[in-house]
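Protein chains: 2
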Amino acid sequence: MKRYLCGVDVGGTKLSAALYETDGTCIDSRIVFHHTDKCCDGIARTIVDIVIELLEAHSLSVKDLVGIGVGIAGHINSEKGVVITSSNFKSGFNNYPLRDKLIAELPTNIIVDNDANAQAWGEYKFGAGRGYSNLIFYTISSGVGAGIIIDGKLVRGMSGTAGEIGHTIVDPYSDIICTCGNRGCVMSLSSGHYFPQFYNRYLKQGYESKIGITSNNLEEFTGRKLEEGLKAGDEISRMVMNDSANTVGLSLFNLFQVINPELFIIGGGIINIGEQYVERVEKRFLSLVQNMMYDRVKLVTSELGASAGLLGAAALILE
Amino acid sequence: MKRYLCGVDVGGTKLSAALYETDGTCIDSRIVFHHTDKCCDGIARTIVDIVIELLEAHSLSVKDLVGIGVGIAGHINSEKGVVITSSNFKSGFNNYPLRDKLIAELPTNIIVDNDANAQAWGEYKFGAGRGYSNLIFYTISSGVGAGIIIDGKLVRGMSGTAGEIGHTIVDPYSDIICTCGNRGCVMSLSSGHYFPQFYNRYLKQGYESKIGITSNNLEEFTGRKLEEGLKAGDEISRMVMNDSANTVGLSLFNLFQVINPELFIIGGGIINIGEQYVERVEKRFLSLVQNMMYDRVKLVTSELGASAGLLGAAALILE
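Residue numbers (this note's numbering), protein chains in the order written: chain Z, 1 to 319; chain E, 1 to 319.
Calculated directly from the structure, the hints in this document are not laboratory data. Note that this is a predicted model, so its numbers are computed, not measured. Honestly, I wouldn't trust all of these hints.
Note: identical chains are not told apart, hence a pair may lie in one copy or across any two.
What the hints assert, rightly or not - With a cut-off of at most 25 Å between alpha-carbon atoms, the simulated DSS-like pairs for lysine-lysine come out as follows:
no.	residue 1	residue 2
1	K298	K80
2	K231	K63
3	K125	K153
4	K38	K90
The whole structure should be built from the sequences, with the hints applied where relevant.
Here you go:
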């Protein structure tokens with residue numbers, strides 16, 4: 001009997017699911033938005049619905065799956081299948097036993113892990129990380145996270161929360177306070193969630209927006225609007241991009257000092273901006289590295305793009 | 001024939017060597033100072049001399065050794081036995097093939113590794129790290145470094161420079177520039193090498209020294225003088241200690257987010273100050289961790305103390 005893999009990616013902006021052959025070939029996928037305000041059970045329900053919809057569209061049932069891998073933004077104890085917490089969702093989760101809840105509706109092998117771990121694993125197995133055994137996948141979207149692979153194994157840590165690079169602090173006297181409660185962590189100085197605050201900082205300094213952003217519609221300054229601003233030659237957009245990239249470059253430098261990996265893979269929504277972002281990240285990284293790098297660490301962008309999380313989540317079933 | 005292990009610890013302040021039974025029992029040890037100004041060959045010569053002196057004192061020869069483990073402050077490619085560079089020595093080393101140089105004079109199995117790795121391994125095998133397989137040894141002396149053990153294996157990285165926590169940047173707008181050339185890295189905000197600069201900052205702010213330190217004799221404010229100042233109730237000494245401990249606490253928090261280990265072991269000369277230092281480190285760590293820790297990470301001080309590096313270096317022979 002032919003069997004399939006299912007991957008689910010629960011992000012801070014969208015929730016997507018896909019069906020794969022066991023060799024990683026994508027058969028079909030679905031995306032929904034506006035799940036972030038739902039309660040825990042509501043998000044679990046959304047996952048169940050989208051998976052069933054996918055299966056039914058191909059006249060399949062849960063019995064046809066090897067299993068379902070779920071990557072979710074937040075602190076995940078993969079071993080227990082529990083979402084410990086997540087700052088990206090209104091519910092916060094709070095030790096929600098997502099795996100058990102899903103298994104009750106979708107009786108198959110289910111793995112729940114951090115979305116960055118899933119993406120790292122996807123790139124390692126099928127994308128930019130093929131051929132490397134020591135790499136860090138670094139993702140910048142509405143949040144910031146990393147998946148660390150050392151000697152071909154995901155580093156999960158004691159509670160499953162390793163790779164939470166977004167909450168490492170790189171500027172403790174920053175005026176921006178993160179949702180985690182600390183000042184100057186990487187997430188608050190680089191992620192899309194904070195772009196409106198960065199933009200406002202420059203508006204207050206007297207810079208003028210070329211894309212109609214004012215202190216009254218700051219929330220419209222999303223990652224997509226940043227792309228638009230860069231294309232339109234908006235000076236503030238350029239500065240916001242540079243601020244974010246400079247923070248990520250410094251953060252990569254810190255990871256380089258601690259882990260000394262062979263490869264960094266940059267992923268997440270930010271890469272839609274294009275090469276100029278990664279070029280800026282690399283410039284900052286190299287300016288800090290100076291003469292402290294003895295073997296060249298490679299810095300590349302995600303090959304799988306938006307599908308890294310989905311395919312990686314599915315691939316975790318085969319880990 | 002009974003055989004022995006030899007460990008050598010080449011620090012930024014002292015160079016020590018010891019002879020061990022294969023079960024880790026120390027037979028004898030030697031310490032020399034003032035080696036840091038010597039050229040590379042001079043330091044290698046010092047190591048050879050001290051090892052031969054130890055052997056001869058017990059009527060032994062190199063043939064009686066299983067091998068010699070050398071821990072040295074700096075960037076080390078352990079696989080090649082090369083000291084890539086070190087900011088703690090005048091010579092800087094610069095790709096010095098220390099292992100080959102030593103083998104030419106001491107023909108036995110020799111391993112050269114970073115001193116923090118050796119210390120981590122020593123604590124893991126014989127000290128505070130026994131029973132843990134995921135731990136970080138964090139050392140603060142004239143320099144700052146870490147040895148990372150994941151799943152019972154030292155994380156060395158691509159070039160052997162993993163664990164260089166001292167050069168991770170945690171305050172990019174700091175007024176203190178590290179010997180590495182960057183601003184606000186952990187080493188420049190916490191290590192003994194910078195205590196005179198910290199002290200001077202407070203003198204300039206108008207604080208008065210109770211231990212006779214002025215802008216003219218700042219270099220006398222060593223770690224030992226800090227201990228004296230703390231005992232004498234010197235306000236500046238207390239602030240210097242807090243600054244250092246606050247930086248280390250923040251740095252542990254960052255490592256916690258990235259690696260999520262079970263255990264942190266604090267070592268190096270700083271622990272001579274006593275419990276008040278580690279208490280301050282822990283206070284800072286917990287203030288940043290807030291509600292982001294789901295399993296309690298243990299924070300302890302080195303059990304092996306000054307001998308961690310020596311015993312760890314010797315134990316690397318049995319790795």
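Here is what the structure says about each hint:
Taking the shortest alpha-carbon separations for K298 and K80, only the inter-copy value of 22 Å comes in at or below 25 Å, while the best intra-copy value is 34 Å. Within a single copy, K231 and K63 get their C-alpha atoms no closer than 48 Å, and across copies no closer than 71 Å, so neither meets the 25 Å cut-off. In the homo-oligomer, the alpha carbons of K125 and K153 lie at most 25 Å apart both inside one protomer (11 Å) and across protomers (23 Å), since each shortest distance falls under that limit. With identical chains, the CA atoms of K38 and K90 are at most 25 Å apart within one copy only, with a shortest distance of 7 Å there and 61 Å across copies.
Checked against the numbered hints above, the structure breaks only hint 2 and satisfies the rest.
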